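Add chains B, C and D to chain A, keeping to what the hints say.
4 protein chains.
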Amino acid sequence: MRVGFVGLGTMGGPMAANAARAGFEVTAWNRTPGRGAELADVGVRLAPSPAHVARASEVVVTIVSDTPDVEAVLFGPDGVAEGAAHGTLVVDMSTISPSATRAFAERLAERGVAMLDAPVSGGSEGAQKGTLSIFVGGEADDLERARSLLASLGTTITHVGPIGSGQAVKAVNQVILAGGYLGVAEGIVLAMKAGLDVEQVVAALSGGAAQSWVLSNRAGRMLANDYPLGFKVALHRKDLRIALELAGETGTTLPISALVETIEAGLIARGHGDDDVSAVARAIRQLSGLAG
Amino acid sequence: MRVGFVGLGTMGGPMAANAARAGFEVTAWNRTPGRGAELADVGVRLAPSPAHVARASEVVVTIVSDTPDVEAVLFGPDGVAEGAAHGTLVVDMSTISPSATRAFAERLAERGVAMLDAPVSGGSEGAQKGTLSIFVGGEADDLERARSLLASLGTTITHVGPIGSGQAVKAVNQVILAGGYLGVAEGIVLAMKAGLDVEQVVAALSGGAAQSWVLSNRAGRMLANDYPLGFKVALHRKDLRIALELAGETGTTLPISALVETIEAGLIARGHGDDDVSAVARAIRQLSGLAG
Amino acid sequence: MRVGFVGLGTMGGPMAANAARAGFEVTAWNRTPGRGAELADVGVRLAPSPAHVARASEVVVTIVSDTPDVEAVLFGPDGVAEGAAHGTLVVDMSTISPSATRAFAERLAERGVAMLDAPVSGGSEGAQKGTLSIFVGGEADDLERARSLLASLGTTITHVGPIGSGQAVKAVNQVILAGGYLGVAEGIVLAMKAGLDVEQVVAALSGGAAQSWVLSNRAGRMLANDYPLGFKVALHRKDLRIALELAGETGTTLPISALVETIEAGLIARGHGDDDVSAVARAIRQLSGLAG
Amino acid sequence: MRVGFVGLGTMGGPMAANAARAGFEVTAWNRTPGRGAELADVGVRLAPSPAHVARASEVVVTIVSDTPDVEAVLFGPDGVAEGAAHGTLVVDMSTISPSATRAFAERLAERGVAMLDAPVSGGSEGAQKGTLSIFVGGEADDLERARSLLASLGTTITHVGPIGSGQAVKAVNQVILAGGYLGVAEGIVLAMKAGLDVEQVVAALSGGAAQSWVLSNRAGRMLANDYPLGFKVALHRKDLRIALELAGETGTTLPISALVETIEAGLIARGHGDDDVSAVARAIRQLSGLAG
Numbered sequence: 099m100r101v102g103f104v105g106l107g108t109m110g111g112p113m114a115a116n117a118a119r120a121g122f123e124v125t126a127w128n129r130t131p132g133r134g135a136e137l138a139d140v141g142v143r144l145a146p147s148p149a150h151v152a153r154a155s156e157v158v159v160t161i162v163s164d165t166p167d168v169e170a171v172l173f174g175p176d177g178v179a180e181g182a183a184h185g186t187l188v189v190d191m192s193t194i195s196p197s198a199t200r201a202f203a204e205r206l207a208e209r210g211v212a213m214l215d216a217p218v219s220g221g222s223e224g225a226q227k228g229t230l231s232i233f234v235g236g237e238a239d240d241l242e243r244a245r246s247l248l249a250s251l252g253t254t255i256t257h258v259g260p261i262g263s264g265q266a267v268k269a270v271n272q273v274i275l276a277g278g279y280l281g282v283a284e285g286i287v288l289a290m291k292a293g294l295d296v297e298q299v300v301a302a303l304s305g306g307a308a309q310s311w312v313l314s315n316r317a318g319r320m321l322a323n324d325y326p327l328g329f330k331v332a333l334h335r336k337d338l339r340i341a342l343e344l345a346g347e348t349g350t351t352l353p354i355s356a357l358v359e360t361i362e363a364g365l366i367a368r369g370h371g372d373d374d375v376s377a378v379a380r381a382i383r384q385l386s387g388l389a390g
Numbered sequence: 099m100r101v102g103f104v105g106l107g108t109m110g111g112p113m114a115a116n117a118a119r120a121g122f123e124v125t126a127w128n129r130t131p132g133r134g135a136e137l138a139d140v141g142v143r144l145a146p147s148p149a150h151v152a153r154a155s156e157v158v159v160t161i162v163s164d165t166p167d168v169e170a171v172l173f174g175p176d177g178v179a180e181g182a183a184h185g186t187l188v189v190d191m192s193t194i195s196p197s198a199t200r201a202f203a204e205r206l207a208e209r210g211v212a213m214l215d216a217p218v219s220g221g222s223e224g225a226q227k228g229t230l231s232i233f234v235g236g237e238a239d240d241l242e243r244a245r246s247l248l249a250s251l252g253t254t255i256t257h258v259g260p261i262g263s264g265q266a267v268k269a270v271n272q273v274i275l276a277g278g279y280l281g282v283a284e285g286i287v288l289a290m291k292a293g294l295d296v297e298q299v300v301a302a303l304s305g306g307a308a309q310s311w312v313l314s315n316r317a318g319r320m321l322a323n324d325y326p327l328g329f330k331v332a333l334h335r336k337d338l339r340i341a342l343e344l345a346g347e348t349g350t351t352l353p354i355s356a357l358v359e360t361i362e363a364g365l366i367a368r369g370h371g372d373d374d375v376s377a378v379a380r381a382i383r384q385l386s387g388l389a390g
Numbered sequence: 099m100r101v102g103f104v105g106l107g108t109m110g111g112p113m114a115a116n117a118a119r120a121g122f123e124v125t126a127w128n129r130t131p132g133r134g135a136e137l138a139d140v141g142v143r144l145a146p147s148p149a150h151v152a153r154a155s156e157v158v159v160t161i162v163s164d165t166p167d168v169e170a171v172l173f174g175p176d177g178v179a180e181g182a183a184h185g186t187l188v189v190d191m192s193t194i195s196p197s198a199t200r201a202f203a204e205r206l207a208e209r210g211v212a213m214l215d216a217p218v219s220g221g222s223e224g225a226q227k228g229t230l231s232i233f234v235g236g237e238a239d240d241l242e243r244a245r246s247l248l249a250s251l252g253t254t255i256t257h258v259g260p261i262g263s264g265q266a267v268k269a270v271n272q273v274i275l276a277g278g279y280l281g282v283a284e285g286i287v288l289a290m291k292a293g294l295d296v297e298q299v300v301a302a303l304s305g306g307a308a309q310s311w312v313l314s315n316r317a318g319r320m321l322a323n324d325y326p327l328g329f330k331v332a333l334h335r336k337d338l339r340i341a342l343e344l345a346g347e348t349g350t351t352l353p354i355s356a357l358v359e360t361i362e363a364g365l366i367a368r369g370h371g372d373d374d375v376s377a378v379a380r381a382i383r384q385l386s387g388l389a390g
Numbered sequence: 099m100r101v102g103f104v105g106l107g108t109m110g111g112p113m114a115a116n117a118a119r120a121g122f123e124v125t126a127w128n129r130t131p132g133r134g135a136e137l138a139d140v141g142v143r144l145a146p147s148p149a150h151v152a153r154a155s156e157v158v159v160t161i162v163s164d165t166p167d168v169e170a171v172l173f174g175p176d177g178v179a180e181g182a183a184h185g186t187l188v189v190d191m192s193t194i195s196p197s198a199t200r201a202f203a204e205r206l207a208e209r210g211v212a213m214l215d216a217p218v219s220g221g222s223e224g225a226q227k228g229t230l231s232i233f234v235g236g237e238a239d240d241l242e243r244a245r246s247l248l249a250s251l252g253t254t255i256t257h258v259g260p261i262g263s264g265q266a267v268k269a270v271n272q273v274i275l276a277g278g279y280l281g282v283a284e285g286i287v288l289a290m291k292a293g294l295d296v297e298q299v300v301a302a303l304s305g306g307a308a309q310s311w312v313l314s315n316r317a318g319r320m321l322a323n324d325y326p327l328g329f330k331v332a333l334h335r336k337d338l339r340i341a342l343e344l345a346g347e348t349g350t351t352l353p354i355s356a357l358v359e360t361i362e363a364g365l366i367a368r369g370h371g372d373d374d375v376s377a378v379a380r381a382i383r384q385l386s387g388l389a390g
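Protein chains in written order, with my numbering: chain A, 99 to 390; chain B, 99 to 390; chain C, 99 to 390; chain D, 99 to 390.
If we strip away everything but chain A, and leave its shape as in the complex, we get (with noise of 0.2 Å):
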C-alpha cells in the first residue's frame, strides 16, 4: 500500500520510519526539512507539498501540532485536498478538536476523500517503538484499509465510535491524567513535607485504591523536581484546551482539568513548558514552600 506522512516531529518521524520498514512505500512531507536524510535511509521518500503527499499515496497520515494545523495541511494552498484523488483515505493522528474533526470529514466528503480520526498516546518513546494506543473514529470499513498501516505504528488499536470520537477519547485521558498527575503530585509534596520516605511510600501505596502509571512512573520525578519526557506540559495544557472546548460543547463542568489547564499556563510562562507533564508538581511544591 502507498501511505502518505504530512509531518515529520518528533511523533510523525519515527511512525513514518516504522511504517516504512514494515513495507509500506511511504512518501513524506514536513513543513521544515528536518530529519528527511534519517528518513531516507529507512526508504521514505520527500514530497514537496501535502498536495504531492496526497498524489502519491492511498492512505494519508497527517500528524501535525493543533487544529489549525491540520486545516492548513489539508485544505490550504498545496493541501492535501488539492492532490487526493476521489477514494483516498485520510488519518488524522493529531490530537485536534473533535467538532474541527467533524468539519473537515464533511469537506473531504464533498470530494470523495474519506476520513478517520486516530489520535495516540504514548508518546515519542511510543512512537518510536511502535508502540502506541490509537483511539480511532470513523466507519469500520475505513478502519480496515487502514488497519495494517495502523498495526505498523502502535500495539492497541480501538475503534471508538463515528467520527470524532477518537479526539473525544483523547480529550478524556487528558482529562483523567489532569486529575492523576496533580493528585499524585499532592501526596508526594504531603509526604515530603511530613518528613516521609517518598520511595518506600510510593511502593506502600502501590499495591492498594492509590495504584496509578503515574504514581509508579512519575512520583520520582516529584520528588526530584526533575522531569524529563514523557510528555510536555505545553502538549498537554494544548490537550486540555480541547478538552476543555469539547466540555464547553457538551455542557460539562470539570473543575480539575480547568484548575489544572490554568496551572499549567503559568507553567509554561515560567519557561517549564518542556517539561514532562509531571512537573505540575512544581505548583504545589510552590506553593508548600519548597523549589518549583
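You can take every hint at face value.
For chains that are exact copies, the list does not tell them apart, and a pair is met inside one copy or across any two.
Straight-line Cα separation of at most 25 Å, SDA-like style, residue types lysine to any residue; simulated pairs: (1) K227 / G318; (2) K336 / I366; (3) K227 / L241; (4) K227 / G328; (5) K336 / V296; (6) K227 / G306; (7) K336 / S222; (8) K336 / P166; (9) K336 / G293; (10) K336 / E223; (11) K336 / S197; (12) K336 / A198; (13) K336 / L388; (14) K336 / E347; (15) K227 / A301; (16) K336 / G306; (17) K336 / G305.
Hints listed in this document are in silico derivations from the structure and should not be mistaken for laboratory results.
Quick caveat, the model's predicted, so the values are computed rather than measured.
Chains B, C and D only, in chain A's frame:
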C-alpha cells in the same frame, strides 16, 4: 500470644475473627454489643471494658472511628491505659491524626506502654479476607512483636518510619485518591456527555498513562450512578480532614484534596455518606446536568 | 459627526438610539432586521451592509457578539473595511480577544483606517440609560475624535492604554467578578444552611471588608434562586474564555476564573445560560443539597 | 456597670481600654502580663485569673484566639465559670466554632450564667477606634444588658439570631472575603501580566459591578507585593477552618473557601502568616511567574 481488640465494627470485627482463626487468644470489647455472638463462634472472648481487654492482652489493637474515639478508649474511664501492664504494646489501626498519634504514644510511654500506629487500606473486603495493606509507624522492635498478628490481618506490612508515620502515609493515600477519583469522574462524565461508549473508553485508556485502580474498578459505578461499597464517602471525608490538618501543620497546599473534601461534605448532607467514595462523580454529573 | 453602528442587539440597539438622540447622524446595520422600525423613530437610518454603513460614516461603532463576528463585519464580504474611506475611525465596543483586537487594528491600519477598542460594562440597563463604563484602548488622538460620541453612550470613559488594553481591562473585570459572584454565593448558601436570616446577614456585612456591589445587589437573587437579568451567564462565560485566553498568552494562573468558567459551561447545558450571572449560586446550592 | 475582660491581645487590649474610657469599671486578665501598665493608665484593674475577673464583674467579655482557648478560660482551673455568680453574663467576642459556642452556652446555663456570642469585624484598627462591627447571637434581653458596653466598642451592633448565630455570620463574612480577596488577586495579576496600569484599572472598575472594599483597599498591596496589616493571613485561615467546619456540619460545599484555606496553609509555612490576608495574591503571583 494474647491479643486484644478494642472496636468490633465493619473493620475490627472481621479482623478480630481473623486473628482468632490464626490461633491468637483474642479478648475484645465493643461500645455496642453487636456481633459478639458471631465472634464467640471463632473463639473471641468479650470483655466488659477496654481496661479489661488490656489486662488480658500482651498486644492491644484499637480500631475505632476517629481521633476522639481513640483518646476515649485509651485514656478515658476504664480505658486501655488503666488496664495495661508495663510492657504492653498498643497497635492503633484506626485512621486518625498523626500529631494526636504522637501525643498518645507519649502519654502511653509514661506508663511503660509502647505504641505503633498501623492504619490500613483495603476496605471491609480486605478486613474480611485478611488482605489489608498495613502502614506501620513506630519502633522496629515493636513491629517485630506485632508482626505475626499483623500477618494474620493483611498481606502487605510496610514499616514507614517513626510513630505517626503510618498515619501520615494513610493521609497521603487518601490525598492521591482524591485526585484519582475526581479525575476519573471528570473523564467519565465527559465521555458520557460526548456520547462515547464508556466501557470501551475505559478499555482503550487502561493500557496507557491514565491507567489506575480507580479507572479499572470504579468507572462503571460512575456511569451507572450507583455506588455500592467499597469505602464510604463519609470515611474518606474524615480521612481527608486528617490529611488537611496534617497539611496545615506542615504547610502544604492541597487544592484537589480541599475541593474533594468540601464536595464530600455536601454529598453527606444529601444522604450519600454511605455511598462508595466513587460517588464524588455525583457532583460532576449534577453540575453537568445529569442525574447525580 | 456622521456615525455608524454595526450591530443593533441588546446593547447596540439602545446605544445607536442614544447617539441619534444626542444629535449624531446615525447609519446602522444589523444581521437580522429586528428593531429597525423603532430606531427609525429616533432618526437612525438603516443601511444594507457594514460596507454601506462605513461609507456613510466618519466613526463606525461595531458591537457584536464575539471575535469571529467582529472579524466578519470588519473584513468579510461587504464588510466595514470595504466601505471605509482613508481616515475613518472604527470603535469596536464588543467584548473580544485583546490579541485579535491588535491584529484587526493592524489590518485596518494597512487601509488607513484607525481603530479603538472600547468595551463596556453596565449591561443592557446601562446601554439604555447611557450610563455605561467604557474602557478605551488605542491612540489618545483617536479617543478625542470619538469622545463626544462615547459621552452620549456612557458616563465613565477611561483611556487605559494602547490598542487592545480596553479589552484587557474588560477581561480583568470579568475575572474579578468571577471571585465576587462565587464567593458571595458560597457565603449566602452557608448562611442559608446555617439557618441565618440572609437579608440581615447582608445588611450586617455590608459595612465591612466583605462589602461589594455583588453582595448588595445579588445576594437576594441567590437566596430566592431566581436570576433575572442583569448580565447573562452565557456572556460572562464567553468573556471568561477571553480572559483565560489572555491568561494563557501572558502566562497567568487563574484558579477561580477557570472554576467559574467550567461551572458556567454546565449551567448553560442545564438551560440557565440566559440567567443573570449570579446564577453561579445554583452550583453551590445544588452541591449543598438545595434546589439549584 | 462592672465589666470584665479576659484576653488583652491585639483586639482585647484596646477594647478594654475603650470600655474603661467610656466609664465602665473594668477588671481584666491576660495569659501573659503584656500591656498591663498601659491599661492601668486608663483605669483597667488587673486580676490574677479569669475566675477573679468573673467575681468582680456583671458582664464578662472573653476575647481570645480559638475554640480551645475559650474553653480554657471559661471552664479550666480558675476559669470564668468558677468565679461567676448566678446571673452573670458572658459575652464571647472571640471568633470560634458556632457549635462549640452552643455547647459552652449550655454548660454556662447549668450554672445560671447567660451567654452571648459577639464576634467582630474591623480588625485591630476598628478595635482601637471603637468602630467594630459586632454580630450578636443570643437572647434579646441579654443583648440589652450588654448594649451600652458593646456601644463603647463598635459602631454597628446587629442581633442576628439565637446563640451561635454571631459566629455563623462571622464565618459567612470570612467565606465571602475568601472569594473577594482571591478574585481581586487574579484580576490584579492578570492586569500586571497584560501590561496594564493597575491603579488606572482599579479606578476604571470601581464604578461597576466589580466594585468592592477589597478592590478599593487592597489592590495596591497586591501590586506592590507588600502586605502590612490589616488582618492576618493566619487569623483568616483559622476563621476559614471554623467556616469549613460549619460547612461540614451543615453539609455545604465551599470550593473557593477550601482553596483559599489551603493556599493560606502554604503561605503560613512560607513565613507569611503575619501578612495581611491580601497576601493570598502571593500564590497567584508566584504561579504566574512573578515574585511572590
